[in-house]
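Whenever a hint applies, use it, and build me the whole structure from the sequences.
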Amino acid sequence: ANMDIPSQPSFHLVRKRVGNIQQEVSFSALYAISIICPDTTCCAKSRISGNIWSLASRGQRKPKREEGDPRTEKMAADQDWTAVYPSAASFRPNAVPLPVRMGYPVKGGVPPGKKGNLELIKIPNFLHTPAAIKKHCEALKPFCTEWPSALDTDTKCDEHFPIKTTTTDYVFAGPSLRNPSARIVHLKVKLSSLNLDDHARKKMIKLVGERYSKDTDVLTIKADRCPLRQQNLDHAMYLLTVLYHESWKTEAWEAEKTVADMEEYCWEDSPSQRNVLDLLARMKAAGEEEGEEVREQLLGRREVQEYRNSVTRLKNEGENEDTMTQYKEAVKKVLSL
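Mapped onto the UniProt record's numbering, the consecutive letters of the sequence shown carry residue numbers 1 to 337.
Hints in this document: simulated from the structure, not taken from any laboratory. Since no wrong hints were added, every one of them can be taken at face value.
List time: in silico BS3-like cross-link candidates among lysine-lysine, alpha-carbon distance up to 25 Å:
(1) 206 <-> 249
(2) 188 <-> 214
(3) 315 <-> 202
(4) 249 <-> 188
(5) 202 <-> 249
(6) 315 <-> 206
(7) 164 <-> 188
(8) 315 <-> 328
(9) 214 <-> 257
(10) 315 <-> 257
(11) 214 <-> 164
(12) 206 <-> 257
With beta-carbon atoms standing in for the labels, derived distance ranges:
(13) 320 <-> 260: 14 to 24 Å
(14) 145 <-> 171: 23 to 33 Å
(15) 155 <-> 195: 10 to 20 Å
(16) 202 <-> 336: 30 to 40 Å
(17) 230 <-> 88: 17 to 27 Å
(18) 107 <-> 212: 48 to 58 Å
(19) 320 <-> 177: 44 to 54 Å
(20) 170 <-> 61: 51 to 61 Å
(21) 92 <-> 175: 17 to 27 Å
(22) 302 <-> 212: 29 to 39 Å
None of the values given here were measured: they were computed from a predicted structure. Don't be surprised by glycine CBs; every beta carbon is placed ideally from N, CA and C.
Shown next as structure tokens:
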């Protein structure tokens with residue numbers, strides 16, 4: 001039987017015989033067949049079958065599959081977007097039917113498109129939509145509890161939970177998702193919510209220094225010494241505990257504190273208070289009784305209380321137009337001018 005073989009490049013045959021062993025090598029630009037056989041007849045048969053197998057294996061290549069329309073062109077306008085992007089994943093240009101562009105515009109042009117854009121695939125995208133957010137909330141509802149009815153106002157929340165901690169999570173494009181600043185913890189608490197007397201409050205203000213805001217009555221502790229956020233949170237709570245207990249301690253040297261060492265001006269038992277009482281006592285009519293009851297009555301007068309407040313504010317806040325005006329009016333009322 002005849003066999004039709006398509007035209008192929010010519011084969012070259014090399015024969016080598018050593019004793020009774022004969023080796024034949026048939027090769028072309030694409031194929032090479034080596035046969036070692038002690039029998040010449042066997043080598044001839046193998047050479048023919050090998051040549052036919054080599055030629056048959058060089059069949060026509062499969063046609064290249066043409067690229068079809070992108071998936072974004074086949075999407076319906078009313079499709080379920082939550083099924084396309086159900087969770088956070090790398091950006092897929094064939095799944096987002098939006099003309100998204102991102103990157104540096106070269107030579108005043110437009111930013112690169114979404115296809116093959118490395119900037120878009122750096123950060124996982126969720127592409128939040130109202131429908132996706134609603135589905136996520138519905139899935140999380142069984143694991144959540146109702147908000148306590150007793151905490152219906154911010155004032156009640158501050159009363160029951162006076163300590164507030166603030167941390168920051170960063171999302172940025174980079175070789176790592178971790179940011180060193182994410183470990184920083186800010187702890188805030190109002191001194192009025194702590195169980196402190198006058199001595200403990202003043203001592204704590206002295207210990208914390210600039211971390212206390214007199215306008216808002218808030219103490220802020222910043223913890224950033226430890227490498228982990230939880231460690232910094234524990235350290236901040238430890239500092240607050242130590243400050244609280246140290247403020248309640250009264251050392252022996254604190255008894256030597258004088259009026260000049262006070263943190264703020266105190267009008268009680270001050271020269272200003274004694275001068276006002278002496279002045280009012282001299283202004284009284286002759287024959288009126290004098291004693292502790294009279295002193296308490298004089299201190300309870302409205303004009304004396306206004307004078308006390310004006311002097312205290314002037315000493316603590318310093319001289320300005322407002323404090324000086326208040327002090328002038330208080331003096332005029334005391335002197336009945």
